[in-house]
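Peer 1: Once you have looked at the hints, place chain G on chain E.
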Amino acid sequence: MSYQSYVIAAYGVFAVVLLWDFVAPRIEIARQLRAARLRAARRTSRAAESELTRTDSERQVSE
Amino acid sequence: MNPIVRWFHQLGSPPYFDRFAARWAPVAYVLAILVMAYGLWAALFQVPADYQQGDSFRILYIHVPSAWMSMFVFGLMAFYAAIALVWRIKLCEILAMACAPIGAAFTVITLATGSIWGKPMWGTWWDWDPRLTTELILLFLYLGIIGLYNAIEDRRAAARAAGLLAIVGVALLPVIRYSVVWWNSLHQGQTISVFGQSQMDASMLPPLFAMIAATKLWFIGSLLARARADNLRREAGKDWVLRLAKPEAAR
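Going line by line, the protein sequences match chains E and G. Every letter in the first sequence is one number past the one before it in numbering that gives the first Met the number 0, and letter 53, counting from 1, is 52. Every letter in the second sequence is one number past the one before it in numbering that gives the first Met the number 0, and letter 60, counting from 1, is 59.
Isolated chain E (complex conformation) (with noise of 0.2 Å):
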């Protein structure tokens, strides 16, 4: 094949820049559902929490 180090450039190119665009958004989409995720944890963690401070004080009221 003649120019065979060009051809293998620019079609390398292209599969570089295709790769990123295939791997992008799918890194954007796996960081976001993470957040997501910790924040479920988060407000789950300080449900619990401020259901414990509930239950203390009213049982300091009634003492």
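There could be a bad hint or two in this list.
[Said to hold, decoys possible] Some but not every residue of chain E turned toward chain G, in silico, with C-beta under 10 Å:
| # | residue |
| --- | --- |
| 1 | Ala23 |
| 2 | Ile26 |
| 3 | Ala34 |
| 4 | Ser49 |
Treat the hints as calculated values from the structure; they're not laboratory data. This one's a predicted model, so the numbers in the text were calculated from it and none came from an experiment. All C-beta atoms in this analysis are idealised placements derived from N, C-alpha and C, irrespective of residue type, glycine included.
Peer 2: Only chain G this time, still in chain E's reference frame:
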């Protein structure tokens, strides 16, 4: 209500769009890869070498579809941005902004592959030729839109500002298209016509049309994936996102 109109209304709902994009993006990618596999195989191994350019002409099978995509995506982005500006449809803002990095990627491919082809054929990597220069300005416009969108914290205000830039930038598209006609250009004129008579031999055309179809399908997959990511970012904190991220957390 007409089922198509109802479907469009449903698509405007962020959770519905998320399910739609998650379902159809992989399908578009698979179809794109299948068509591209044929196109690349035929481009590299099936079609004969050009009698003047030798095998370097095979670069056009990725250069031309990418160049067409770089302009098509910009036009589509401006179209979505115009709809978003007039009717304030959030999904159109998301789609317009998702177009920008894909269009920029195709523009980078166009410039890089053109440059690689130019070295053995023109004897230079770069020339300040009207076609090359306007294509470079297109890349800068894409980068400007991406930068502007990410510079403003309010996503809706950011999309409106970047969308306006996209609409103004559409004026560049006919300049790119006709730059080889209006000015003396090193870049060759139109040799391929989808509907009319092409100046290329018919035996060389099927892989090109396959690559044109493949890049369109790739764009659909990438657009849906990127729009889904932006949709999730905008809807972060909403119950449906939390349910999607961790179904057990919602119980």
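Peer 1: Each hint should be assessed against the structure and marked as holding or not.
Peer 2: Do the hints match the structure? See the list:
1. Nearest Cβ of chain G to the Cβ of Ala23/E: about 7 Å, under the 10 Å cut. The hint holds.
2. For Ile26/E, the suggested interface contact is upheld, since its CB lies about 9 Å from the closest CB of chain G, less than 10 Å.
3. With a least beta-carbon distance of about 6 Å to chain G, the hint placing Ala34/E at the interface is held under the 10 Å criterion.
4. With 10 Å as the threshold, the beta carbon of Ser49/E stays out of range of chain G, its nearest partner Cβ sitting at about 17 Å, so the hint is violated.
The structure does not agree with numbered hint 4 stated previously, though it agrees with all others.
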